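Here is what each chain is made of, one letter per residue.
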Amino acid sequence: MSDRGRQHVIPSDLEAARRLQEEIEAAVRTAFAEHEAFAIKMAVEEALVNAIKHGNQMDPDKSVRVIYSLGPDRFDVRITDEGPGFNPDDVPDPTAPENLERPCGRGLLLIRYYMSEVQFQDDGRTIAMCKLRNGTP
Amino acid sequence: MSQQPRRRRLEVEDSGDVAVVHFVDKKILDEQNIQMIGDDLFRLVDELGRRKIVLNFGNVEFLSSAALGKLITMNRKVQAVRGKLVLCNISKEIREVFEITKLDKLFTILPDEQSALQAF
Numbered sequence: 394m395s396d397r398g399r400q401h402v403i404p405s406d407l408e409a410a411r412r413l414q415e416e417i418e419a420a421v422r423t424a425f426a427e428h429e430a431f432a433i434k435m436a437v438e439e440a441l442v443n444a445i446k447h448g449n450q451m452d453p454d455k456s457v458r459v460i461y462s463l464g465p466d467r468f469d470v471r472i473t474d475e476g477p478g479f480n481p482d483d484v485p486d487p488t489a490p491e492n493l494e495r496p497c498g499r500g501l502l503l504i505r506y507y508m509s510e511v512q513f514q515d516d517g518r519t520i521a522m523c524k525l526r527n528g529t530p
Numbered sequence: 009m010s011q012q013p014r015r016r017r018l019e020v021e022d023s024g025d026v027a028v029v030h031f032v033d034k035k036i037l038d039e040q041n042i043q044m045i046g047d048d049l050f051r052l053v054d055e056l057g058r059r060k061i062v063l064n065f066g067n068v069e070f071l072s073s074a075a076l077g078k079l080i081t082m083n084r085k086v087q088a089v090r091g092k093l094v095l096c097n098i099s100k101e102i103r104e105v106f107e108i109t110k111l112d113k114l115f116t117i118l119p120d121e122q123s124a125l126q127a128f
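So the sequences go chain by chain: Y and X.
Read left to right, the first sequence gives residues 394 to 530 (my numbering).
Read left to right, the second sequence gives residues 9 to 128 (my numbering).
In short, the hints are calculated from the structure, not lab data.
From a predicted model like this one, the values you see are computed outputs, not experimental measurements.
Glycine is no exception: its CB is placed at the ideal position from the N, C-alpha and C atoms.
Check the hints yourself; a few may be wrong.
What the hints assert, rightly or not - Straight-line alpha carbon distances no greater than 25 Å define the calculated DSS-like cross-link-like pairs of lysine-lysine that follow:
1) Lys60(X) to Lys113(X)
2) Lys110(X) to Lys60(X)
3) Lys100(X) to Lys113(X)
4) Lys446(Y) to Lys34(X)
5) Lys35(X) to Lys446(Y)
6) Lys113(X) to Lys446(Y)
As the list claims (entries may be wrong) - Chain Y regions said to be covered by chain X (calculated; three or more residues, Cβ under 8 Å):
7) 437 to 445
8) 519 to 525
As the list claims (entries may be wrong) - Which bits of chain Y does chain X cover? Going by a derived footprint, with three or more residues having C-beta under 8 Å, they are:
9) 415 to 425
10) 471 to 477
Starting from the given sequences, assemble the full structure and let the hints guide the process.
If you want it as structure tokens, here you go:
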């Protein structure tokens, strides 16, 4: 872990998520190649929107806690909401032909594709993910 | 006293009877922004009666899954009136997003505007 770790607690507000996303993007761009920075940006965007919209249901009394760190070879981020939690296995496969036009599950699919490791903790309230430099894809 | 003008998010040009839409924003993000882009796109079909539409992504560097949802709805609307929607000029990174989500199978995606116009 690097000494550049940052912790934020933001309200369930997409504008606050946007500002945090911009901070993370600026930090990541100093250390990662463009396609890796795109991957991290995509995963963080989707996870923050999931936490605010689906986790906290945009409840202004609930917060989202974000801890991220940028190390020499990896970016780690942990996003926790105060919602009821969920089971990621219950989310239908959005790439199945019958689900292709449905709105759910696409963000999670993108997160799993773009990040090197993804873990759900605390009944789905926390997503912990990392991107390794020069990892796949 | 005057109302703040609504920011323009799309530029629409006519090429014959085809409406060619360019996105003004580099990043198609943010619930409210995506909602407004969706409304403007849907208006082309619902109010302006356009049936042949090209979406040119040349200016777009990033879009989220919420934006994909609007594109799916737009595609459905165009199909409902027996029209045609073609996407073009999509960056390598965003093209990959369509491929991961398998939406490249749902949409007609062509490399550039010229080939998109020839698809009608």
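For each hint, the structure was consulted:
1. At roughly 19 Å between alpha-carbon atoms, Lys60(X) and Lys113(X) fall within 25 Å of each other, so this suggested pair holds.
2. Using a Cα cut-off of 25 Å, the hinted pair Lys110(X) and Lys60(X) holds, with the two alpha carbons roughly 23 Å apart.
3. This hinted pair checks out: Lys100(X) and Lys113(X) have alpha carbons roughly 16 Å apart, not beyond 25 Å.
4. For the proposed pair Lys446(Y) and Lys34(X), the alpha carbon gap of about 23 Å is at most 25 Å, so the pair holds.
5. At roughly 20 Å between alpha-carbon atoms, Lys35(X) and Lys446(Y) fall within 25 Å of each other, so this suggested pair holds.
6. Of the supplied pair hints, the one linking Lys113(X) and Lys446(Y) is violated, its CA atoms being roughly 28 Å apart against a limit of 25 Å.
7. Only residues whose beta carbon comes within less than 8 Å of a beta carbon in chain X count, and the segment 437 to 445 of chain Y has 3; three or more means the coverage holds.
8. Given a C-beta distance limit of less than 8 Å, the hint that chain X covers the segment 519 to 525 of chain Y is violated, as 0 residues qualify and 3 are needed.
9. With a cut-off of 8 Å between beta carbons, the segment 415 to 425 of chain Y has 0 residues touching chain X; three or more are needed, and the interface restraint is violated.
10. For the segment 471 to 477 of chain Y, the stated coverage by chain X is not satisfied: 0 residues place a CB nearer than 8 Å to a CB of that chain, which falls below the threshold of 3.
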